[in-house]
Amino acid sequence: MGDAISRGNLQASPEHMKLLRHWVKQGWKFRKEHNPSFAEDLKRQGFKAYKERLNYELGQIQGKGFDSYFLMLSDAVRWAKDNRIPVGPARGSAAASLVAYLLRITEINPMQFPTMLFARFIDPNRLDLPDVDLDFADDRRDEVRKYLVSKYGADRVGNIGNFTRYRGKNSIDDIARVYRIPKWAAEGVKGLIVERSGGDARQSESLSDTFEMFEKAKEFAEMFPNLRKAELLEGNYRGLGVHAAGIVISNTPIDETCAVYTRPKAGSDEPVSVIAYDKKDSEYLGLLKADFLGLTTMGMIGRALDMIGMELQDLYKIPITEPETLKAFKENNLVGVFQFEGRATTIINRDVSPDNFSHLADINALSRPGPLFSGMTAKYVAVKHGREEPERLHPVVDA
Numbered sequence: 001m002g003d004a005i006s007r008g009n010l011q012a013s014p015e016h017m018k019l020l021r022h023w024v025k026q027g028w029k030f031r032k033e034h035n036p037s038f039a040e041d042l043k044r045q046g047f048k049a050y051k052e053r054l055n056y057e058l059g060q061i062q063g064k065g066f067d068s069y070f071l072m073l074s075d076a077v078r079w080a081k082d083n084r085i086p087v088g089p090a091r092g093s094a095a096a097s098l099v100a101y102l103l104r105i106t107e108i109n110p111m112q113f114p115t116m117l118f119a120r121f122i123d124p125n126r127l128d129l130p131d132v133d134l135d136f137a138d139d140r141r142d143e144v145r146k147y148l149v150s151k152y153g154a155d156r157v158g159n160i161g162n163f164t165r166y167r168g169k170n171s172i173d174d175i176a177r178v179y180r181i182p183k184w185a186a187e188g189v190k191g192l193i194v195e196r197s198g199g200d201a202r203q204s205e206s207l208s209d210t211f212e213m214f215e216k217a218k219e220f221a222e223m224f225p226n227l228r229k230a231e232l233l234e235g236n237y238r239g240l241g242v243h244a245a246g247i248v249i250s251n252t253p254i255d256e257t258c259a260v261y262t263r264p265k266a267g268s269d270e271p272v273s274v275i276a277y278d279k280k281d282s283e284y285l286g287l288l289k290a291d292f293l294g295l296t297t298m299g300m301i302g303r304a305l306d307m308i309g310m311e312l313q314d315l316y317k318i319p320i321t322e323p324e325t326l327k328a329f330k331e332n333n334l335v336g337v338f339q340f341e342g343r344a345t346t347i348i349n350r351d352v353s354p355d356n357f358s359h360l361a362d363i364n365a366l367s368r369p370g371p372l373f374s375g376m377t378a379k380y381v382a383v384k385h386g387r388e389e390p391e392r393l394h395p396v397v398d399a
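Take 1 as the starting number for the sequence shown in the working numbering and just add one per residue.
Honestly, the hints are just simulated from the structure, not real lab data.
Where a beta carbon is used, it is the ideal one built from N, C-alpha and C, also for glycine.
Below, simulated BS3-like cross-link-like pairs (lysine-lysine); rule was C-alpha separation at most 30 Å, straight line:
hint : residue 1 : residue 2
1    : 81        : 25
2    : 81        : 279
3    : 216       : 190
4    : 64        : 48
Here are the computed distance ranges between Cβ atoms for each label pair:
hint : residue 1 : residue 2 : range
5    : 261       : 142       : 15 to 25 Å
6    : 52        : 296       : 39 to 49 Å
7    : 229       : 83        : 45 to 55 Å
8    : 369       : 44        : 31 to 41 Å
9    : 119       : 314       : 29 to 39 Å
10   : 194       : 314       : 48 to 58 Å
11   : 49        : 255       : 45 to 55 Å
12   : 261       : 191       : 30 to 40 Å
13   : 83        : 195       : 40 to 50 Å
14   : 232       : 37        : 51 to 61 Å
15   : 40        : 119       : 24 to 34 Å
16   : 18        : 310       : 32 to 42 Å
Start from the sequences, fold in the hints, and give me the full structure.
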């Protein structure tokens, strides 16, 4: 599989297509042998339903030439799992792929969740690679990277760059430091800045708006005119760092495609190399991009498995209907539970009082700013406990 990485416009080769289907068949046997819930659901829904879904997904994947991408991910994740490196069960839209499940990239069988749409993962109208975020134990993530280096070569595996930009607050900080403006004046302006989201057209003009809208900000600028120079910084690039999760793989030496820099590694004296492009530009150049995140929760789970002598595959076998786990969520016992122990999610979990796995998925979505501020979270809680009737929109979404 050493030559299964494609650059430029991805083209499906007959070898990669054949290998992908072979690995899917192997994965089918693996799931039947090691995952009782897969065998049970296969019997319930029937072989025909699974075959139709599998053929559809493979048609989309191979029609877009994504074979090498899935082969690379599957190879890396299977190696990690076979070497007792904990990997998250699934994150984001990749959980909706049966192919990803059979390739052991994920541990969620999407056939058990009909509301998870494969089209959110791979859309026929989109040409870019699907986004697969993988969580590895934070203390062993580097082992996975070293495995990739051993397979493809040190000159063909690189870290994606992360470009930081000047925003309102750090622009004020740097100007105040250079021009020796008192901290109380800088903090006074920073406290008035109206920060905008990335999709806002005026995201990089928050300081201009602040000085225009607030008299107090104008007073600070009159006392220290150099504060207005921060407007010239906002929106520009500030520096190059190392992306926390991004890795790129190439068929040819990476330094033939782009410059490679050396940067200090966070929490270590050891320097790390980083390419001169962010994830979007890397993909545009044809470098194969993967998101391998080191997660402290997975590291903690790995240490717990070692202490009790439990195998990683046995952890993945635990059914999502496991009563004691659901009881802990019902009692709001969420300390150490990734994405659930935050204050907002804890409150929502308490209010919803989940009865099943689907409720947990809903709580994760209801904790976002959109449903929270729109009132939909409160409405969900009211409907769940019978205080309000659900709004019936269409049979497609009323199931």
